[in-house]
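Taken in sequence, the protein lines are chains A and B.
The first sequence lines up with residues 1 to 343 when you count with my numbering.
The second sequence lines up with residues 1 to 343 when you count with my numbering.
What the hints contain is simulated information worked out from the structure, not anything from laboratory work.
Note that the coordinates shown come from a computational prediction; the quantities given were computed from them, not determined experimentally.
Treat the hints with caution; some may be incorrect.
Given that identical chains are not distinguished, each listed pair holds provided it fits within a single copy or across any two copies.
[What the hints assert, rightly or not] DMTMM-like mimics (lysine to aspartate or glutamate), calculated; alpha carbons at most 20 Å apart, straight line:
(1) Lys322 <-> Glu112
(2) Lys259 <-> Asp163
(3) Lys259 <-> Asp159
(4) Lys259 <-> Asp242
(5) Lys269 <-> Asp242
(6) Lys259 <-> Glu82
(7) Lys2 <-> Glu43
(8) Lys322 <-> Glu108
(9) Lys259 <-> Asp164
(10) Lys208 <-> Glu147
(11) Lys3 <-> Glu29
(12) Lys208 <-> Asp64
(13) Lys259 <-> Glu135
(14) Lys322 <-> Glu198
(15) Lys208 <-> Asp164
(16) Lys208 <-> Glu106
(17) Lys208 <-> Asp141
(18) Lys2 <-> Glu78
(19) Lys40 <-> Asp58
Protein chains: 2
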Amino acid sequence: MKKLRGICLGAGYFSRFQYEAWARIPEVEIVALANRSLDKAREAAALHRIPRAYAWADLAAMLDAEKPDFVDIITPPETHLEVVRLAAARGIAIICQKPIAPTFAECETIVETARRAGVRLMIHENFRWQPWYREMRRLLDAGMLGELFSINIRTRLGDGWQDDAYLARQPFFRTYPRLFCYETGVHFLDTFRYLGGEITSVYTRFQKRNPAILGEDAAQIVCGFASGATAILDASRYNESDAADPRYTFGLVRIDGRKGHVELDLAGKLTLKLLGQPTRLLDYPHTRGGFAGDCVHALQRHFVDCMMSGGPFENTGEDYLKSTALMEACYRSQATNQVVTLP
Amino acid sequence: MKKLRGICLGAGYFSRFQYEAWARIPEVEIVALANRSLDKAREAAALHRIPRAYAWADLAAMLDAEKPDFVDIITPPETHLEVVRLAAARGIAIICQKPIAPTFAECETIVETARRAGVRLMIHENFRWQPWYREMRRLLDAGMLGELFSINIRTRLGDGWQDDAYLARQPFFRTYPRLFCYETGVHFLDTFRYLGGEITSVYTRFQKRNPAILGEDAAQIVCGFASGATAILDASRYNESDAADPRYTFGLVRIDGRKGHVELDLAGKLTLKLLGQPTRLLDYPHTRGGFAGDCVHALQRHFVDCMMSGGPFENTGEDYLKSTALMEACYRSQATNQVVTLP
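Let the hints inform the model, and build the full structure from the sequences given.
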């Protein structure tokens with residue numbers, strides 16, 4: 001079997017999870033990587049046993065030389081459009097990290113660029129690929145909970161209260177004018193859509209709790225689904241949880257429906273309680289390997305499956321524009337202290 | 001020592017907690033009770049060892065004959081104004097169950113009636129007297145949590161999903177056009193005010209989950225404090241909790257502040273986690289006796305202390321008008337699907 005040839009762009013904090021997951025997908029060979037800093041590119045290539053490392057200036061030449069089947073964009077949002085243009089022009093399929101781009105207009109341009117070139121574009125939005133959300137969705141699809149009433153997610157990452165918050169891992173977070181909802185909240189907004197369908201109204205209250213950073217690091221968000229159900233996100237990167245590893249499930253989740261409710265704890269334990277019946281533990285697969293229940297691997301596995309079968313991606317660019325539009329609506333709600341309705 | 005002479009009005013479901021708590025306050029003697037149904041009045045008098053039982057028609061005569069120091073009004077809201085007028089005219093102090101009255105105008109009339117007559121009026125709003133809320137307030141006052149950031153309460157009573165919901169305990173709930181926020185939510189709104197100060201904006205999403213009743217039985221409410229902090233109430237009487245006794249703490253509570261957070265579980269356990277420090281269990285007194293941590297007793301104890309010292313009530317009528325106005329604002333938010341600001 002001929003392997004899919006991939007190249008990766010980026011060697012920052014999160015890229016390790018993507019390189020590590022590619023190494024566990026036998027149908028894929030990552031043949032090269034590039035990064036703004038060539039030194040860091042070489043380091044990452046050595047670490048992840050990737051044959052060749054390139055400097056950013058050689059991006060076009062790299063694509064021409066390597067002729068990959070796909071490119072995995074793991075660099076910050078402001079770099080995405082440039083890469084998408086180069087890849088699309090060469091007919092190379094794309095996985096692109098979220099946020100797609102810094103502005104909604106640029107997100108649209110990226111999606112449109114891929115569409116016009118006829119290249120496949122999948123957004124690397126991994127939260128919905130966490131195993132507990134897959135299990136919740138399975139329960140909902142099977143009608144176990146009946147009509148969906150509400151989703152409540154509370155996340156407390158506790159990685160943002162120190163004076164030097166984010167410096168070690170994602171230092172650029174400190175200067176983002178829009179931090180929490182743009183970078184982290186959008187994960188949950190997309191997850192809400194995954195679980196409950198389209199959202200038609202939002203109300204938000206954002207706060208900056210750590211004075212050492214520029215953007216907001218805490219938020220309360222209330223979403224109204226087209227179905228009439230409600231989702232609440234109560235979020236902070238400043239305050240802490242009691243989790244041994246706050247970055248395993250990233251929060252507590254409760255879903256209520258007409259027949260009962262399901263709850264996720266901080267260790268990945270899922271319980272189901274049907275009305276009038278005892279609470280029971282749900283037996284489902286979840287693992288401590290990789291990132292947050294190995295969701296990066298699950299997402300990349302889905303990408304490869306679709307590349308090989310020709311089947312549709314779940315995380316298309318078009319679909320993620322909806323999560324992005326919702327995130328933008330959250331900022332509009334914050335600016336006006338009013339409910340914002342979506343078309 | 002001369003005991004305070006009290007009379008009680010009402011013999012419905014909740015009155016048992018009030019009678020039982022009076023019996024444990026040595027400075028008080030409940031000398032008589034009255035009820036719409038004289039048979040039920042006699043039954044309750046026998047059960048609670050109260051000397052005399054009266055019919056509702058004899059209310060004025062009862063007050064003239066018994067000459068009580070105070071009257072404890074435990075009847076439904078629509079009866080309160082009549083009683084307050086009779087008691088105020090006779091200079092008798094009043095404890096009045098919440099909701100004060102069915103309409104805001106009538107609430108104002110009640111408070112004004114007592115004020116003009118110069119009689120003391122305390123509202124029986126017992127939630128803020130639950131021992132865990134007292135402990136949380138103590139922590140906040142002591143500066144343990146630093147600046148208040150947010151309060152999150154999730155309540156799932158699970159007593160409202162059956163076809164015969166509320167029939168056994170509080171059957172009139174079934175025909176209330178406004179159920180959850182008017183009857184139950186206002187407890188939490190008052191508790192938010194107790195913990196976080198005045199509230200200047202609300203946004204709500206109400207739902208009727210049980211089709212067999214008239215009013216709403218679930219709600220999401222977001223409150224903005226004057227301080228900038230936020231409170232979220234995610235509530236349902238339809239869906240269930242996992243509590244052995246859902247009517248002990250009535251819900252899960254989390255309070256976040258600049259220095260850390262405190263959490264309440266369904267069994268009354270309070271834990272404190274200061275930033276960067278381990279979670280620790282708080283040792284504070286709470287008891288399974290009486291109603292919800294014996295809050296009715298604590299409230300009545302406060303009433304008696306103030307009656308004897310002449311000191312101010314915490315639960316004045318004037319203060320509870322603010323909680324009532326907030327509850328009314330919630331319904332306006334629901335009607336318009338917009339944020340409502342309060343003066």
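Quick rundown of the hints versus the structure:
1. Taking CA atoms no more than 20 Å apart as the test, Lys322 paired with Glu112 passes inside one copy only; the shortest distance there is 14 Å, against 53 Å between copies.
2. For a Cα distance limit of 20 Å, the shortest separation of Lys259 from Asp163 across copies, 14 Å, qualifies, whereas the shortest one inside one copy, 46 Å, does not.
3. In this homomeric assembly, Lys259 and Asp159 come within 20 Å of each other (Cα to Cα) only across copies, at 14 Å, whereas the closest approach inside a single copy is 37 Å.
4. Taking identical chains as interchangeable, the C-alpha atoms of Lys259 and Asp242 lie at most 20 Å apart only when they sit on different chains, with a minimum of 15 Å there against 30 Å within one chain.
5. Taking CA atoms no more than 20 Å apart as the test, Lys269 paired with Asp242 passes in both settings, with 15 Å inside one copy and 15 Å between copies.
6. Within a single copy, Lys259 and Glu82 get their C-alpha atoms no closer than 49 Å, and across copies no closer than 43 Å, so neither meets the 20 Å cut-off.
7. Neither within a single protomer nor between protomers do Lys2 and Glu43 lie at most 20 Å apart by alpha-carbon distance, with minima of 28 Å and 86 Å respectively.
8. Proximity of Lys322 and Glu108 under a CA criterion of 20 Å is satisfied intra-copy only: 11 Å inside one chain copy versus 47 Å between copies.
9. Taking identical chains as interchangeable, the C-alpha atoms of Lys259 and Asp164 lie at most 20 Å apart only when they sit on different chains, with a minimum of 16 Å there against 46 Å within one chain.
10. Within a single copy, Lys208 and Glu147 get their C-alpha atoms only as close as 36 Å, which misses the 20 Å cut-off; across copies the closest is 13 Å, which meets it.
11. For the identical chains of this complex, Lys3 and Glu29 are intra-copy neighbours only, at 6 Å inside a copy versus 88 Å across copies, given an alpha-carbon limit of 20 Å.
12. When the C-alpha separation of Lys208 and Asp64 is checked against a cutoff of 20 Å, the pair qualifies neither within a copy, at 45 Å, nor between copies, at 61 Å.
13. In this assembly of identical chains, the alpha carbons of Lys259 and Glu135 lie at most 20 Å apart only when taken from the same copy (17 Å versus 36 Å across copies).
14. Within a single copy, Lys322 and Glu198 get their C-alpha atoms as close as 8 Å, which meets the 20 Å cut-off; across copies the closest is 37 Å, which misses it.
15. Taking the shortest Cα distances, Lys208 and Asp164 sit within 20 Å of each other inside one copy (15 Å), while across copies they are farther apart (47 Å).
16. Proximity of Lys208 and Glu106 under a CA criterion of 20 Å is satisfied in neither setting, with 26 Å inside one chain copy and 42 Å between copies.
17. Taking the shortest alpha-carbon separations for Lys208 and Asp141, neither the intra-copy value of 38 Å nor the inter-copy value of 23 Å comes in at or below 20 Å.
18. Proximity of Lys2 to Glu78 under the C-alpha cut-off of 20 Å is found in neither arrangement, the shortest distances being 34 Å within a copy and 79 Å between copies.
19. Taking CA atoms no more than 20 Å apart as the test, Lys40 paired with Asp58 passes inside one copy only; the shortest distance there is 15 Å, against 89 Å between copies.
Of the numbered hints listed earlier, those contradicted by the structure are 6, 7, 12, 16, 17 and 18.
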